[in-house]
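J.: Here is how the chains run, residue by residue.
2 protein chains.
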Amino acid sequence: MDLNYTHGLIPVIVQEAETDEVLMLAWANDEALRLTRESGFAHYWSRSRQKIWKKGEESGNLQRVIEIRVDCDADTLLYRVEQRGAACHTGHHSCFYRDIEGRELTARLFDPSEVYANKG
Amino acid sequence: MDLNYTHGLIPVIVQEAETDEVLMLAWANDEALRLTRESGFAHYWSRSRQKIWKKGEESGNLQRVIEIRVDCDADTLLYRVEQRGAACHTGHHSCFYRDIEGRELTARLFDPSEVYANKG
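Read top to bottom, the protein sequences are chains A and B.
If you count the first sequence from 1, position 19 lands on 19 in full-length UniProt numbering, and the numbers rise without skipping.
If you count the second sequence from 1, position 44 lands on 44 in full-length UniProt numbering, and the numbers rise without skipping.
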């Protein structure tokens with residue numbers, strides 16, 4: 001179906017299919033969406049690095065996409081995924097590990113300095 | 001905590017607290033966030049109407065905000081809510097009622113023409 005991209009991008013809510021936990025928000029362009037649908041693994045557009053990015057290509061924390069849903073205005077996607085390991089680069093399972101006061105709600109699963117090159 | 005707004009806005013993923021269903025994606029500015037925290041009911045920034053909007057003010061389908069979470073980069077919010085009635089203006093409980101092929105996954109709960117003035 002026709003999607004409504006803004007400046008070539010569409011936000012993607014990523015939800016763990018097994019637990020229904022919301023893991024992250026990312027952005028896709030039409031190429032990232034095509035790669036996701038062809039491979040079955042989530043690909044996004046990195047706004048900071050300005051390039052396509054396969055989720056987990058460095059950390060191994062891949063996202064297998066079980067289902068793609070579209071919202072009423074066709075301007076947001078919902079990926080329901082199988083998340084290997086942690087979704088968040090901080091080592092937390094979900095990127096939403098804090099409340100609005102900054103209090104941590106969940107523990108880290110890994111130390112980022114051991115997983116990502118040139119970080120930490 | 002300090003949030004990272006883009007052009008004054010931050011995306012808000014809205015999830016039903018009881019069921020963990022993802023209901024919608026909306027946008028907030030600092031004023032909408034303040035009104036949400038003060039009132040306990042979700043307020044957003046309407047990009048199409050360029051104004052603050054209290055969710056459900058017309059339809060009665062209010063969202064009581066149980067918890068606000070922040071992601072790792074502090075550039076996305078997650079509202080966990082109690083949703084009265086349907087979240088979607090189409091009458092579906094969630095805005096994500098279709099798959100990427102356009103197939104409807106869930107039934108409508110109401111007829112929009114009976115709920116919204118000047119529509120339908």
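For the record, the hints were derived by calculation from the structure and aren't laboratory data.
Virtual Cβ for every residue (Gly too), placed ideally from N, Cα, C.
Each hint should be verified, as a subset may be incorrect.
Which bits of chain A does chain B cover? Going by a derived footprint, with three or more residues having C-beta under 8 angstroms, they are [to be verified]:
1. 9-23
2. 40-46
3. 57-69
4. 74-88
J.: If a hint holds in the structure, say so; if it does not, say that too.
T.: Hint check results:
1. Remark: the region 9-23 of chain A is confirmed as covered by chain B, as 7 of its residues place a Cβ nearer than 8 angstroms to a Cβ of that chain, reaching the required three.
2. Counting residues of the region 40-46 of chain A whose beta carbon lies closer than 8 angstroms to any beta carbon of chain B gives 0, which falls below the threshold of three, so the coverage claim is violated.
3. Only residues whose C-beta sits within less than 8 angstroms of a C-beta in chain B count toward coverage, and the region 57-69 of chain A has 3 of them, enough to reach three; the restraint holds.
4. Taking a C-beta to C-beta cut-off of 8 angstroms, the region 74-88 of chain A contributes 4 residues in contact with chain B, enough for the three needed, and the coverage statement holds.
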